[in-house]
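> These are the residues of each chain, in order.
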Amino acid sequence: MRISLPFRQHATPRTPLVRALEAAVGSAHVLHLAEDLLAYEYDATIERRRPDAVVFPRSTEEAAACVRIANEHNVPIVPRGSGTGLAGGAVPAQGGLVVVLTRMNRILELDPRDRIAVVQPGVINLALQEACAPHGLLYAPDPSSQRICTLGGNIANNSGGPHTLAHGSTVNHVLGLEVVLPDGRVTWLGARQLDAPGVDLRGLFVGSEGTLGIVTQICVRLVRAPEAVRTMLAIFETIDEATEAVSAIIRRGIIPVALEMLDQEIIRAVEPQLHVGYPLDAGAVLLIEVEGLRETVLEDEAAVIGVCRELHAREVRTAASEDERARLWEGRKGGIGAIGAVSPNFYILDGVVPRTRLPEVMREVMRLSEAAGFRCANIFHAGDGNLHPNIMFDELEPGAIGRVLDLGGQIMRVCVDAGGSITGEHGVGLEKRSYMEWIFGPPDLEAMERVRVAFGGADRFNPCKLLPTGRGCGHAHATELLRHLETPGVYV
Amino acid sequence: MTASLSSDIESVLPMARQRPPAGYPIDGVTPRVAFRPETRDEVAALLQAADATGFTVAPQGSRTTLRLGRPLAAYDVALDLTGLCRVVAHEPEDLTVTVEAGMTLAALQRLLGERGQYLPVDPAPDDRVTVGGLLATARAGAWRGHLPAARDLVLGATVAMPDGALVRSGGRVVKNVSGYDLHRMHTGALGAFGVIVEASFKVAPLPAGRRSFALRCTNLEQASELAFALWDEALPLSALALLSPGAAGMAELPPDPYVLLEAMGNDAIMKRVADAVKVRAVLAHASGGIETDSQPWARLRMAAGGNDSVVLRLGVPASQVSAAIEEAEGAGCTAWGYLAAGAVLASAPTLPPEEVVRLRSYARSLGGFLQVESADASLRADVDPCGEDDALLVRALKAQFDPRGTINRGRWMEAL
Ligand SMILES: Cc1cc2nc3c(=O)[nH]c(=O)nc-3n(C[C@H](O)[C@H](O)[C@H](O)COP(=O)(O)OP(=O)(O)OC[C@H]3O[C@@H](n4cnc5c(N)ncnc54)[C@H](O)[C@@H]3O)c2cc1C
Numbered sequence: 000m001r002i003s004l005p006f007r008q009h010a011t012p013r014t015p016l017v018r019a020l021e022a023a024v025g026s027a028h029v030l031h032l033a034e035d036l037l038a039y040e041y042d043a044t045i046e047r048r049r050p051d052a053v054v055f056p057r058s059t060e061e062a063a064a065c066v067r068i069a070n071e072h073n074v075p076i077v078p079r080g081s082g083t084g085l086a087g088g089a090v091p092a093q094g095g096l097v098v099v100l101t102r103m104n105r106i107l108e109l110d111p112r113d114r115i116a117v118v119q120p121g122v123i124n125l126a127l128q129e130a131c132a133p134h135g136l137l138y139a140p141d142p143s144s145q146r147i148c149t150l151g152g153n154i155a156n157n158s159g160g161p162h163t164l165a166h167g168s169t170v171n172h173v174l175g176l177e178v179v180l181p182d183g184r185v186t187w188l189g190a191r192q193l194d195a196p197g198v199d200l201r202g203l204f205v206g207s208e209g210t211l212g213i214v215t216q217i218c219v220r221l222v223r224a225p226e227a228v229r230t231m232l233a234i235f236e237t238i239d240e241a242t243e244a245v246s247a248i249i250r251r252g253i254i255p256v257a258l259e260m261l262d263q264e265i266i267r268a269v270e271p272q273l274h275v276g277y278p279l280d281a282g283a284v285l286l287i288e289v290e291g292l293r294e295t296v297l298e299d300e301a302a303v304i305g306v307c308r309e310l311h312a313r314e315v316r317t318a319a320s321e322d323e324r325a326r327l328w329e330g331r332k333g334g335i336g337a338i339g340a341v342s343p344n345f346y347i348l349d350g351v352v353p354r355t356r357l358p359e360v361m362r363e364v365m366r367l368s369e370a371a372g373f374r375c376a377n378i379f380h381a382g383d384g385n386l387h388p389n390i391m392f393d394e395l396e397p398g399a400i401g402r403v404l405d406l407g408g409q410i411m412r413v414c415v416d417a418g419g420s421i422t423g424e425h426g427v428g429l430e431k432r433s434y435m436e437w438i439f440g441p442p443d444l445e446a447m448e449r450v451r452v453a454f455g456g457a458d459r460f461n462p463c464k465l466l467p468t469g470r471g472c473g474h475a476h477a478t479e480l481l482r483h484l485e486t487p488g489v490y491v
Numbered sequence: 000m001t002a003s004l005s006s007d008i009e010s011v012l013p014m015a016r017q018r019p020p021a022g023y024p025i026d027g028v029t030p031r032v033a034f035r036p037e038t039r040d041e042v043a044a045l046l047q048a049a050d051a052t053g054f055t056v057a058p059q060g061s062r063t064t065l066r067l068g069r070p071l072a073a074y075d076v077a078l079d080l081t082g083l084c085r086v087v088a089h090e091p092e093d094l095t096v097t098v099e100a101g102m103t104l105a106a107l108q109r110l111l112g113e114r115g116q117y118l119p120v121d122p123a124p125d126d127r128v129t130v131g132g133l134l135a136t137a138r139a140g141a142w143r144g145h146l147p148a149a150r151d152l153v154l155g156a157t158v159a160m161p162d163g164a165l166v167r168s169g170g171r172v173v174k175n176v177s178g179y180d181l182h183r184m185h186t187g188a189l190g191a192f193g194v195i196v197e198a199s200f201k202v203a204p205l206p207a208g209r210r211s212f213a214l215r216c217t218n219l220e221q222a223s224e225l226a227f228a229l230w231d232e233a234l235p236l237s238a239l240a241l242l243s244p245g246a247a248g249m250a251e252l253p254p255d256p257y258v259l260l261e262a263m264g265n266d267a268i269m270k271r272v273a274d275a276v277k278v279r280a281v282l283a284h285a286s287g288g289i290e291t292d293s294q295p296w297a298r299l300r301m302a303a304g305g306n307d308s309v310v311l312r313l314g315v316p317a318s319q320v321s322a323a324i325e326e327a328e329g330a331g332c333t334a335w336g337y338l339a340a341g342a343v344l345a346s347a348p349t350l351p352p353e354e355v356v357r358l359r360s361y362a363r364s365l366g367g368f369l370q371v372e373s374a375d376a377s378l379r380a381d382v383d384p385c386g387e388d389d390a391l392l393v394r395a396l397k398a399q400f401d402p403r404g405t406i407n408r409g410r411w412m413e414a415l
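These protein sequence lines map, in sequence, to chains A and B.
Numbering that gives the first Met the number 0 applies: residue 0 is where the first sequence begins, and numbers increase by one.
Numbering that gives the first Met the number 0 applies: residue 0 is where the second sequence begins, and numbers increase by one.
Worth flagging that the hints you see were computed from the coordinates, not collected in a lab.
This structure is a prediction, so every number in the text was calculated from the model and none was measured.
Ideal Cβ positions, reconstructed from N, Cα and C, are used throughout, including at glycine.
Hints should not be assumed to be uniformly reliable.
[Claimed, not checked] Counterexamples of contact, computed for chain B against chain A with all Cβ distances above 12 Å: (1) R18; (2) G27; (3) R35; (4) E37; (5) V86; (6) A88; (7) L94; (8) T217; (9) G248; (10) V281; (11) Q294; (12) G314; (13) V356; (14) D375.
[Unchecked claim] From the structure, some residues in chain B lie toward chain A, with a derived Cβ separation under 10 Å: (15) L71; (16) G82; (17) R85; (18) H89; (19) G144; (20) D162; (21) A164; (22) S177; (23) Y179; (24) G193; (25) A233; (26) E251; (27) R271; (28) V272; (29) L313; (30) G367.
Chain A extracted, bound-state conformation (with noise of 0.2 Å):
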């Protein structure tokens, strides 16, 4: 990355809201120079900006007390994990304090009897999974990002994975939330067992991408790790038949456990630096997984084979071993980054179809990313018609970025037209607020807002992110507020 901003020798002056915060959670955790706010300027996505300070609370008491800091101070919040985010959700819109979640990361009670674990913010998915797994337990979602991403910025997004399909995305698996509010008030919202009483203010919060409050606790429900899995390769020709056998396999009623794409594009990129055995020449592999007892996930894997071989598969590889399991699905997961490396810049987007509209939705996909010139690689939750189109490009090329966006733009209108939405799991955040308005009228928005308001996090909490420009955002249009991204790097 290209820098060239003033250094320490024009150290910032420490301004009240900066010396506010040391004398709350101490001046080592705290930062407000130039150089030290750089990192927190952007999450995976393409806008950025910089913020006045970031902090990084250790307690619940150090959160609320840094809400409070910021209100007097009258400064915008945004609160930050891992920043992994694919909607610029953790991009301080408007500058301000970033609260930064990840010091606080101990896994504080794993019961598993009563299977429930009850985690900080801060804690990264897999390193739940892996405290769990000794149990013979497992925290369900799997978002492909899960060795990096904290369980509160899966929180704030309902993140999704391939096991999504059959466990339901986070908000099925979240019990209860302490969250500091917007005014700095602690409270919990559900419990720790399903379906607390009354108003369901969890499933509200849960998905709410950092715009009503702090997540500072949480209490998840464990399921018990299946008998057996199988995980299969099934290799195709083209994108169109890996699309059919999708719709194919649900329209059968084989739920599998994962239901996995990966097109030409992608092997390419992810084989010579992984060598995970996926076949270079094919068009489009699907990875699936099925689980349950040991007999009848023989039977599954039958069923599942036959279907991929009707529908002209040239090859369905099993998984011989917990060794080459890991492989195949390794390749999955470094999917995305892969890219990285045969492009200088790409643009992952997040669209969900009815999934019996994948074929028609991915072949208009292929036809506008040609017409527009530019590659794009897929790789996503097939079975759950959840596609993740990656755009490649290089934005030394003049006017690459805005045609980029353009291209971005016309696939989402695809997928609102097949009858889905514009987004399955990253998120509205900053970069997706314009489509809001594809698949929700005045009314609906209205209300949105009014959640907002009722919450207390209607001006300052992470404002321009989730609902239109104009809603939440002190009427101010982000793109103007923002500058992109000026350096050659990944558009995660």
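Since chain A is already given, all that's left is putting chain B with the ligand on it; use the hints.
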């Protein structure tokens, strides 16, 4: 007054929608007027007219689950939603369905069943509940924790608001994070913020088969250990219950402590479950894996509805389910519990408020909660039926969505 009220609403609804109010009592109170609209626009128009004139509206479906929440503070208009019962869209190949909120669960299950599908929910008291009621009460049954509940399966909803707006959230696709999930806010809200007129769900293929087993034990503790052993086996169970002798009696089993379980799947799965049940029963010295029909489940489900009894639901850790059953029985209830949901249901003909309060503090001492699922108005006035909400937030939401308290006034003790 009554004349002006019905004429206000009549001016926006066809005459033919009016119904005799005597058919719509709630907690012994009869409304002044009753309407049974047939379209969502009619529902919205009715709400708007009532809101503008200051009259209160109580939405209702099949009227099976009205003994929930605080007693209404005022009840002018009964809003009967059973006229909204159309299928909006069924996409069997996508495993999704969109229906109007007044459709009964039975009708929905019939529709889905024709295509070998179902909505995997078993709310009390039975499938008479409407889809809107299913969401508004968020009641779950024995399947909860093994299968998803309505709140997990709802993909989106359309809700009529007091200002006459029809507000949509979510969508019809199985995965969607666009905007706030308002449909989740309405789930369990007992109509606090609006009237659900349409909802979309993710549905599931019908299982190949279903079998139930009843394992008779000598005491609850033994039953609990046995249930845990079965739960830990990663069997595809769809329900796992612990029954006190009284609850077993209610389910028309011999009056002994029981583990009652159900599994779903094909013959291979069934054989495996049957074998596991047999082995575990022998190890635990329980008297045999008696296979039973599904009737005990239906009876428990009906009992959880509590049409003329008090029903409490305690949320407790799975490991405390048996202890909580004993505690509730000590308070004079008949109790049973579900491990996977951490839920204990306690039923009694009547119960003094002090006992409810005491059981609530007991559940809280275990990190849990207590909700009054069914009771007469006086108990629901004396004891906060929910007790666990962030009241400030609920009030703030109510002030945003229903500032005049037009819908179900008083249910949430909002300052109105
Ligand atoms: C390579 C790659 C693969 C990915 N794969 C998937 C995938 O398979 N499925 C998927 O769903 N996503 C995926 N993502 C997106 C991203 O990882 C998830 O959205 C993740 O949940 C973000 O977590 P984070 O800790 O990085 O949050 P951040 O990016 O730091 O923040 C995300 C949002 O959460 C808010 N937030 C963070 N912490 C808190 C908190 N404690 N309280 C309140 N709000 C908070 C922020 O304000 C922001 O709006 C992927 C991203 C990458 C880069």
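> Next, verify each hint and record whether it holds.
Here's how the hints hold up against the structure:
Non-interface call for R18(B) relative to chain A: holds, since the shortest CB-CB distance, roughly 28 Å, exceeds 12 Å. Residue-level check passed: G27(B) sits 24 Å from the nearest beta carbon of chain A, beyond 12 Å. No beta-carbon of chain A comes within 12 Å of the beta-carbon of R35(B); the shortest separation is about 25 Å. Consistency note on E37(B): stated as away from chain A, and its beta-carbon is indeed over 12 Å from all of that chain's, at 22 Å minimum.
No Cβ of chain A approaches the Cβ of V86(B) within 12 Å, the least distance being about 16 Å, so the stated non-interface status holds. The non-interface label for A88(B) is inconsistent with chain A: the shortest C-beta to C-beta separation is roughly 9 Å, within 12 Å. Not every CB of chain A lies more than 12 Å from the CB of L94(B), the least distance being 7 Å, so the non-interface label is violated. A cut-off of 12 Å between C-beta atoms confirms that T217(B) is not in contact with chain A; the least separation is 22 Å.
Here G248(B) stays apart from chain A, with its beta-carbon at least about 26 Å from theirs, past the 12 Å limit. Remark: the non-interface label on V281(B) is consistent with the geometry, its nearest Cβ contact in chain A lying 21 Å away (cut-off 12 Å). For Q294(B), the requirement that its beta carbon stay farther than 12 Å from each beta carbon of chain A is met, with the minimum near 25 Å. Remark: the non-interface label on G314(B) conflicts with the geometry, its nearest Cβ contact in chain A lying 4 Å away (cut-off 12 Å).
Every CB of chain A lies more than 12 Å from the CB of V356(B), the least distance being 15 Å, so the non-interface label holds. Distance check on D375(B): its Cβ is at least 18 Å (rounded) from any Cβ of chain A, clearing the 12 Å threshold; non-interface status holds. The criterion of a C-beta within 10 Å of any C-beta in chain A is not met by L71(B), whose closest approach is roughly 16 Å, and the hint is violated. At its closest, the beta carbon of G82(B) sits 23 Å from a beta carbon of chain A; the interface hint therefore is violated under the 10 Å criterion.
Proximity of R85(B) to chain A is violated relative to the hint, the smallest CB-CB distance being about 18 Å (cut-off 10 Å). The beta carbon of H89(B) comes no nearer than 12 Å to any beta carbon in chain A, farther than 10 Å, and the hint placing it at the interface is violated. Contact between G144(B) and chain A, as hinted, is supported at the beta carbon level, the nearest pair being about 6 Å apart and thus within 10 Å. The interface hint given for D162(B) is met, as the beta carbon of that residue sits about 9 Å from the closest beta carbon of chain A, less than 10 Å.
Because the closest C-beta pair between A164(B) and chain A is about 4 Å apart, less than 10 Å, the hint holds. Evaluation of the S177(B) hint against chain A yields a held restraint, the C-beta minimum of about 5 Å falling below 10 Å. Using the Cβ-Cβ criterion of 10 Å, the hint placing Y179(B) at the interface with chain A is satisfied: the shortest such distance is roughly 5 Å. Restraint check, G193(B) versus chain A: the minimum CB separation of about 8 Å is within 10 Å; hint holds.
Proximity of A233(B) to chain A holds as hinted, the smallest CB-CB distance being about 5 Å (cut-off 10 Å). Annotation: E251(B) was flagged as interfacial toward chain A, and the flag is violated, the nearest CB pair being 27 Å apart, outside 10 Å. Because the closest C-beta pair between R271(B) and chain A is about 6 Å apart, less than 10 Å, the hint holds. Evaluation of the V272(B) hint against chain A yields a held restraint, the C-beta minimum of about 9 Å falling below 10 Å.
Against a cut-off of 10 Å between C-beta atoms, the interface hint on L313(B) holds, since the closest Cβ of chain A lies about 9 Å away. Nearest Cβ of chain A to the Cβ of G367(B): about 6 Å, under the 10 Å cut. The hint holds.
In the structure shown, a violation is registered for the earlier hints numbered 6, 7, 12, 15, 16, 17, 18, 26, in ascending order.
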